[in-house]
Amino acid sequence: MSEVKFSKEHEWVTIIDDVATIGITKHATELLGDIVFAELPEKGTSVTKDGTAGVVESTKAASDVYTPISGEVVDTNQSIVDDPSKINNDPEGDAWFFKLKVKDLNEINSLMSREEYEKFAKESTN
Amino acid sequence: MNKTALYNLHKKFNAKFVSFAGYEMPIQYKDGIIAEHNLTREKSGIFDVSHMGQLFILGNDKLTDKLQDIFPTDLKNLSINQSKYSFLMNENAGIHDDLIITKIFNGYMIILNAACKEKDFEIIKSKLGEDFKISLSKDLSLIAVQGPESKNLIEKIIPGVNKLKFMFGGDFKFNSNNIYVTRSGYTGEDGFEISINNNDVVKFVEKLISLGSNLIGLGARDTLRLEAGLCLYGNDIDENTSPLEANLKWAISKNRINSNFPGAKKIQKQINEGVTKLRVGIKPEGKIIARESTKIFDKNNNQIGKITSGSFGPSVKSPIAMGYVNNTYTKENTKIFLEIRGKKVSASVCKLPFYKKNYHKGDINVGS
Numbered sequence: 001m002s003e004v005k006f007s008k009e010h011e012w013v014t015i016i017d018d019v020a021t022i023g024i025t026k027h028a029t030e031l032l033g034d035i036v037f038a039e040l041p042e043k044g045t046s047v048t049k050d051g052t053a054g055v056v057e058s059t060k061a062a063s064d065v066y067t068p069i070s071g072e073v074v075d076t077n078q079s080i081v082d083d084p085s086k087i088n089n090d091p092e093g094d095a096w097f098f099k100l101k102v103k104d105l106n107e108i109n110s111l112m113s114r115e116e117y118e119k120f121a122k123e124s125t126n
Numbered sequence: 001m002n003k004t005a006l007y008n009l010h011k012k013f014n015a016k017f018v019s020f021a022g023y024e025m026p027i028q029y030k031d032g033i034i035a036e037h038n039l040t041r042e043k044s045g046i047f048d049v050s051h052m053g054q055l056f057i058l059g060n061d062k063l064t065d066k067l068q069d070i071f072p073t074d075l076k077n078l079s080i081n082q083s084k085y086s087f088l089m090n091e092n093a094g095i096h097d098d099l100i101i102t103k104i105f106n107g108y109m110i111i112l113n114a115a116c117k118e119k120d121f122e123i124i125k126s127k128l129g130e131d132f133k134i135s136l137s138k139d140l141s142l143i144a145v146q147g148p149e150s151k152n153l154i155e156k157i158i159p160g161v162n163k164l165k166f167m168f169g170g171d172f173k174f175n176s177n178n179i180y181v182t183r184s185g186y187t188g189e190d191g192f193e194i195s196i197n198n199n200d201v202v203k204f205v206e207k208l209i210s211l212g213s214n215l216i217g218l219g220a221r222d223t224l225r226l227e228a229g230l231c232l233y234g235n236d237i238d239e240n241t242s243p244l245e246a247n248l249k250w251a252i253s254k255n256r257i258n259s260n261f262p263g264a265k266k267i268q269k270q271i272n273e274g275v276t277k278l279r280v281g282i283k284p285e286g287k288i289i290a291r292e293s294t295k296i297f298d299k300n301n302n303q304i305g306k307i308t309s310g311s312f313g314p315s316v317k318s319p320i321a322m323g324y325v326n327n328t329y330t331k332e333n334t335k336i337f338l339e340i341r342g343k344k345v346s347a348s349v350c351k352l353p354f355y356k357k358n359y360h361k362g363d364i365n366v367g368s
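In the order they appear, the protein sequences are chains A and B.
First residue of the first sequence? That's 1 in the numbering used here, and the numbers climb one at a time after it.
First residue of the second sequence? That's 1 in the numbering used here, and the numbers climb one at a time after it.
Quick caveat, the hints were computed from the structure, so don't treat them as lab data.
Wrong hints could be hidden among the right ones.
Unchecked claim - Derived lysine-lysine pairs resembling BS3-like cross-links, with alpha carbons at most 25 Å apart:
(1) A:Lys26 - B:Lys12
(2) B:Lys30 - A:Lys86
(3) B:Lys30 - A:Lys122
(4) B:Lys295 - B:Lys344
(5) B:Lys287 - A:Lys26
Given only the sequences and the hints, what does the whole structure look like? Please build it.
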């Protein structure tokens, strides 16, 4: 498995072979508050890096979920649709959002390491 | 930005702040909106609502007559310490503000929405003329303590307060200073609202916390009031909606309908001819949330209304909303469609409240 990478839109991605698993960061869930709704892309659709690929809603507001990498959706995590509170409980583990067959592995180079992301998240909060 | 006297206490309890009506107010604390909502429903919650206006008008029977020309409420038959929900309306029966009027021994106390209080003060003052002393308090905080355990907690600090009935108040003491307590609220739960001096409020709230109550932010206040079917001024009612359209006819005293308060003619007309739009409860199908301004359609794709408040209801565990629909779509279970992110989502018209009230009406508890 590749090192986990992060986007400026607060998504994380890990890649095994050519399949990427994508979710939202713990920092994102802390900004959002209690998540009560999740909408995922449909299997078989193609998504483009930085394009919208889902929606989460907290008690406060709706937010788009973007994909940090391009590809074809090969799997989605129905359990977070059934119980959106899982996203708050384990955002960077069991509560992944969708899996992609990656189109261009080089896209991952523009993403941040954990250390870079944590610095970015801290600065964007202040 | 204004701060309430409890600002530092909110900060100490890790509040996240938002700007609301010119005040920096806590939207939530560290456990989040759903946890705070549930604490209020199951135990006891403390809300800082000191941003709201506390208006005092001093006078006797002559003042009552004068106020009846301003408000559609029967004030002559109000007992001392009794409260009524009322409206400040324009000539077209549009709502400038919704408010609570309480008769006190030397006049009236009126609780106003934060965003409206300065404007209300000017309107009421100009209508009253120079004969009565009117003031918008700057020295008083306002705290709501809501939820089933609140009565026992608060009784320990203010003995006798548990005898109050819903929509009645009284003078009490805290720290040997006068406070005024009413049995009222905005959550659908039994509870109290306490008007207390800014110098005493921190000690009072700290005492309540030490007894087991919990600070609750504006986020949970919104989900609680929405479940209880209560209107948020600026969302669900405003200068373009009348009390009848808002389905709040009950708040206009029957013996006042044919009198002369602002908007009376429009109210009479709407009673006789009906209204063209009405506020209703709305339940979206599934888990999707319909926020304010969501357009409502019929099955033929004609727009028939708009959502004015919508969120997730933590106690009913589903999305809930309210809004206005054309008068032919107001029946319970009417199927409607909500346009959310470009898609039409099924929903149905439903009864309000979503969550049944549990107010303390004397010796019996009404509701579940």
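Cross-check of the supplied hints:
1. A:Lys26 - B:Lys12: With a Cα-Cα distance of about 23 Å, the restraint between Lys26 of chain A and Lys12 of chain B holds, given a limit of 25 Å.
2. B:Lys30 - A:Lys86: Distance ~18 Å between Lys30 of chain B and Lys86 of chain A Cα, so the pair holds.
3. B:Lys30 - A:Lys122: With Cα atoms ~18 Å apart, Lys30 of chain B and Lys122 of chain A stay inside 25 Å; holds.
4. B:Lys295 - B:Lys344: 10 Å, holds
5. B:Lys287 - A:Lys26: Cα-Cα ~22 Å, so holds.
Checked against the numbered hints listed earlier, the structure breaks none of them; every hint is satisfied.
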